Amino acid sequence: MDKLDQLENRSLYIIREAYFRYRSISILWSMGKDSTAVLWLCRKAFFGQVPFPVLHIDTSFKFQRIYEFRDYFAKEWELDLRIARNKEALARGMSCQTGKRLECCNQLKTEALKQAIAEYRFDALLVGIRRDEHGIRAKERHFSPRDQDFHWDYMNQPAEPWDAFKTRSEERTHVRVHPLLDWTELDVWQYVRREEIPVIDLYFARFGKRYRSIGCEPCCSPVESTAENVDEIIEELLTSKVAERAGRAQDKEDPNAMQNLRAFGYL
Amino acid sequence: MTQPGSAPPVRLVIVGHVDHGKSTLIGRLLYDTDSVPEGILDRVREASREGEDLQFEFITDHLAEERRDAKTIDTTQVFFHGGGRHYVIIDTPGHAEFIKNMFTGASRADAALVVVDAAEGVRKQTLAHCNVLGLLGIRYVVPMVNKMDKVGYSREQFEEVAGAVEARLKELGIEPQPAVPLSALRGDNVVERSAQMPWYSGPALLEALAGIPDPASPAEQPMRFAVQGAFDVDGRRMYLGRVEAGTLRAPQAVRLMPGETENTVEAIEVFGGGRASARAGESIGIALAQPIEHARGVVLCDPAVPPAHSTALTGRLFWLSDEPLRLGESLEVRIVTQEVGAQVERIGQSFHSSAPERVRPEAERLAYGEIGLVDLAMDSPLVYEPFSRDNALGTFVLAREGNVVGAGTLPE
Numbered sequence: 001m002d003k004l005d006q007l008e009n010r011s012l013y014i015i016r017e018a019y020f021r022y023r024s025i026s027i028l029w030s031m032g033k034d035s036t037a038v039l040w041l042c043r044k045a046f047f048g049q050v051p052f053p054v055l056h057i058d059t060s061f062k063f064q065r066i067y068e069f070r071d072y073f074a075k076e077w078e079l080d081l082r083i084a085r086n087k088e089a090l091a092r093g094m095s096c097q098t099g100k101r102l103e104c105c106n107q108l109k110t111e112a113l114k115q116a117i118a119e120y121r122f123d124a125l126l127v128g129i130r131r132d133e134h135g136i137r138a139k140e141r142h143f144s145p146r147d148q149d150f151h152w153d154y155m156n157q158p159a160e161p162w163d164a165f166k167t168r169s170e171e172r173t174h175v176r177v178h179p180l181l182d183w184t185e186l187d188v189w190q191y192v193r194r195e196e197i198p199v200i201d202l203y204f205a206r207f208g209k210r211y212r213s214i215g216c217e218p219c220c221s222p223v224e225s226t227a228e229n230v231d232e233i234i235e236e237l238l239t240s241k242v243a244e245r246a247g248r249a250q251d252k253e254d255p256n257a258m259q260n261l262r263a264f265g266y267l
Numbered sequence: 001m002t003q004p005g006s007a008p009p010v011r012l013v014i015v016g017h018v019d020h021g022k023s024t025l026i027g028r029l030l031y032d033t034d035s036v037p038e039g040i041l042d043r044v045r046e047a048s049r050e051g052e053d054l055q056f057e058f059i060t061d062h063l064a065e066e067r068r069d070a071k072t073i074d075t076t077q078v079f080f081h082g083g084g085r086h087y088v089i090i091d092t093p094g095h096a097e098f099i100k101n102m103f104t105g106a107s108r109a110d111a112a113l114v115v116v117d118a119a120e121g122v123r124k125q126t127l128a129h130c131n132v133l134g135l136l137g138i139r140y141v142v143p144m145v146n147k148m149d150k151v152g153y154s155r156e157q158f159e160e161v162a163g164a165v166e167a168r169l170k171e172l173g174i175e176p177q178p179a180v181p182l183s184a185l186r187g188d189n190v191v192e193r194s195a196q197m198p199w200y201s202g203p204a205l206l207e208a209l210a211g212i213p214d215p216a217s218p219a220e221q222p223m224r225f226a227v228q229g230a231f232d233v234d235g236r237r238m239y240l241g242r243v244e245a246g247t248l249r250a251p252q253a254v255r256l257m258p259g260e261t262e263n264t265v266e267a268i269e270v271f272g273g274g275r276a277s278a279r280a281g282e283s284i285g286i287a288l289a290q291p292i293e294h295a296r297g298v299v300l301c302d303p304a305v306p307p308a309h310s311t312a313l314t315g316r317l318f319w320l321s322d323e324p325l326r327l328g329e330s331l332e333v334r335i336v337t338q339e340v341g342a343q344v345e346r347i348g349q350s351f352h353s354s355a356p357e358r359v360r361p362e363a364e365r366l367a368y369g370e371i372g373l374v375d376l377a378m379d380s381p382l383v384y385e386p387f388s389r390d391n392a393l394g395t396f397v398l399a400r401e402g403n404v405v406g407a408g409t410l411p412e
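Chains as they are written, first to last, in the numbering used here: chain L, 1 to 267; chain V, 1 to 412.
If you are wondering where the hints come from, they were derived from the structure by calculation, not from laboratory data.
As the structure is a prediction and not an experimental result, all values here were calculated from the model.
A hint or two may mislead.
So these bits of chain V aren't anywhere near chain L, every CB distance computed over 12 Å [stated by the list, open to error]:
1. S6
2. D61
3. E65
4. D91
5. F103
6. K124
7. Q157
8. L206
9. G211
10. E357
11. V359
12. A367
13. A377
14. P411
Reference listing, derived: stretches of chain V covered by chain L, where coverage requires no fewer than 3 residues with Cβ under 8 Å from a Cβ of chain L [unchecked claim]:
15. 182-192
16. 395-408
Think of the CB as a built atom: it goes at the ideal place given N, C-alpha and C, for glycine as much as any other residue.
Using the sequences and the hints, build the whole thing.
Have a look at this one:
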């Protein structure tokens, strides 16, 4: 087995463990390359079906291309798509221009997710985070509990020897399941190439810039790049030293911003 | 196509007593090989106090609590490329209270570096971590004598400390690799050999890593396939799971354990098509000639070399919970996808991992960080193998209400 085979096989094992051990699971799909790769792995794990709901946390500030991509593949792959918005905060006019950036992330992402979990009573969520994205995410477990208030108790994380995971969520809590935790950004792109996984064209360079990480339009800025297709992105990553989330505004507010966001339930 | 990234990475765990310099060593290794992303390096420079040396541990320690108290709390994994190979470097905490995290980090490692302070020598957590390496069966272990600058690059001091670590490892049945004297802070013998220690003719750390053998594949062992669950595809019942050892073929006669019924694997399926065979580590679906009930936890075996099965088990257990294990307690025992209820019949030969000389022949409890030889009486039979022969069926975990609280290996 080569590296991608090894990563894929272990991710399939993790996804199937989540499905067989938890009562009500879902996958968080942001339409970015990572969560689309997780969705692809779910389809492979269950022979082309995704036998659980697919959840999109919609801030309403995503790029138009993201919505088009979502609607096209939700139909193509016959997904049970659920769209969650914090309607109350949006009605108040919450945005990163009106509120503080971290407050906006908390309200439109974390709060919206809390509302969705309360509504659908999910006890496990498949999430496409990776250790190499951020030092805080490097500390994660494959099955990582969150309490009712979504707090991540990073000072007391579960033991996870070999492939023995936490297999039960206490009432009104859930686990975040991380099938891509051991993958790197380069692994994901090499897998996208090998599997011909569709990706949004925002990742490809136009006029000397491309998005390396995509989310809300006002808070993402493109990085300098000439990579116009998957091959060129892989080539670029083999030589680049720029951190992946360099274009993400919320990471820059203060050195511990990511930890603060995550402690309160952010991904 | 053999571009970097095609071979699986070597998983390397760094262990040792608190403040002996594990995180600093990793930071230095990444820094000197130009492997730190630019944005992260800037933040390390900002965070390091003015006029002081760069705080290399900031490259791996990311929790605010870790930076404030200058100690690693949870395990971190960093990806590193050097000498034509990929590595996953696992940094682990040195504090006794976080040994659960150290155990988690070390459990999947192919090799280990034991970092020891040249001035302080072997300390409590050095011992505890060596015991974990012994229990986990990690065979490739390199002692690293760090902070050589603090002892004037003394050869005598190096030999004394290296000798003490080597002796400890040998007691645990580990034949260590030659020790490396280094200074992570100053960069001596990390990436390049240092002029400060002309008496040392061995490799620098980076060169020593090249000696780690590629991860072994269990594909040559007797076939074991653990079922995760049943799933219907277009009206056809499939059993999903992973080949844990050996190679499964289709069609193949198999024995289903622990019930000992004979069956035939008619097809191996992955999304997109059928397969003639699948090797250890592959997650697949199979179709059986005779459908089965209660599929989860069934282990398919090569009928010519079946594993042992029993309702009684003795395991070498490492306890990972603040709430001690009690004699007579009922909990869940898991081996691959098998899970049954079990009762603790005996806690023998127990000791704290940092004080292996104080052995209690019998005990009523096993506390956090302690190791014991535990007899379990199960509600129904489990399939297992000695750890020396099978890394999957030879390991077990204990759980309370779905939470992993102990883990161990099965002796011969």
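Structure-based check of all given hints:
1. S6: With a cut-off of 12 Å, V/S6 comes too close to chain L, as the shortest Cβ separation is near 5 Å.
2. D61: For V/D61, whose nearest Cβ neighbour in chain L is about 8 Å away, the distance does not exceed 12 Å, so it is violated.
3. E65: 7 Å, violated
4. D91: Given that some Cβ of chain L is not farther than 12 Å from that of V/D91, nearest at about 9 Å, it is violated.
5. F103: At about 6 Å from chain L, V/F103 fails to clear the 12 Å cut-off, so the statement is violated.
6. K124: 20 Å, holds
7. Q157: 34 Å, holds
8. L206: 19 Å, holds
9. G211: Holds, since 21 Å exceeds 12 Å.
10. E357: 26 Å, holds
11. V359: Holds, because the least Cβ-Cβ distance between V/V359 and chain L comes to about 23 Å, which exceeds 12 Å.
12. A367: V/A367 is indeed farther than 12 Å from all Cβ atoms of chain L, at 15 Å.
13. A377: 21 Å, holds
14. P411: With a cut-off of 12 Å, V/P411 remains clear of chain L, as the shortest Cβ separation is near 17 Å.
15. 182-192: violated (count 0)
16. 395-408: holds (count 9)
Hint check: violations occur at hints 1, 2, 3, 4, 5 and 15; the rest are consistent with the structure.
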